[in-house]
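S.K.: Let the sequences and hints guide you as you build the complete structure.
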Amino acid sequence: MLACRNSKHQPWRAGHPNMATPRPGNPVRGSTTGRPLMAALDLFGRRWSLRILWELRAGPLGFRPLQKRCDDMSSSVMRQRLTELLDAQVIHQLPDSRYELTPLGQEACHALNPLARWAERWAATIDPQGADPTDDQSASRVSHPDTVDDGTPERDSAD
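In my numbering, the protein residues as written are 48 to 206.
Simulated from the structure, these hints should not be mistaken for lab results. The C-beta atom is built at its ideal place from N, Cα and C for all residues, glycine as well. Worth double-checking, as some hints may not be accurate.
Computed Cβ-Cβ distance ranges for the label pairs, DEER-style [claimed, not checked]: (1) Gly77 <-> Ala166: 15 to 25 angstroms; (2) Trp165 <-> Pro83: 19 to 29 angstroms; (3) Gly177 <-> Gln140: 36 to 46 angstroms; (4) Pro71 <-> Gln176: 42 to 52 angstroms; (5) Pro175 <-> Pro142: 45 to 55 angstroms; (6) Gln176 <-> Gln136: 41 to 51 angstroms.
M.R.: See below:
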């Protein structure tokens, strides 16, 4: 009975096999109103969603290369997250089957850059000895939030 009740009344519940892609205006985890911010938090709060976006920020990747960059996540979870991100119009699939950020996805990555810089400052504050001063995301020397000193896209620190 519990499974039936959850499937009827909470289709957005985490772990539910028919979990719908969060959309503004529709109920999502944590919000019955579906406010845009709550829908975005639900979408990006799903396991691996932000990592996929982060790995696509420097350009298109195919399924297998993207899976490798995401620490070899399971194929089934990868497919589910890609489907949700496609449905949310944050990524799209190119004719050659690679995945790429849409303009909305690029905006989301740009919005995450201040959080990435804050995370580096946080890490340095908590453990000054463990902070890597040459880290690509170091807040003290980032000339452009998406690039390392030589202007190439940085790709390694994603979590």
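S.K.: Look at each hint and say if it fits the structure.
M.R.: Evaluated hints:
| no. | hint | result |
| --- | --- | --- |
| 1 | Gly77 <-> Ala166: 15 to 25 angstroms | holds, 22 angstroms |
| 2 | Trp165 <-> Pro83: 19 to 29 angstroms | holds, 22 angstroms |
| 3 | Gly177 <-> Gln140: 36 to 46 angstroms | holds, 39 angstroms |
| 4 | Pro71 <-> Gln176: 42 to 52 angstroms | holds, 43 angstroms |
| 5 | Pro175 <-> Pro142: 45 to 55 angstroms | holds, 49 angstroms |
| 6 | Gln176 <-> Gln136: 41 to 51 angstroms | holds, 43 angstroms |
Violation of the numbered hints given earlier is absent; every hint is satisfied by the structure.
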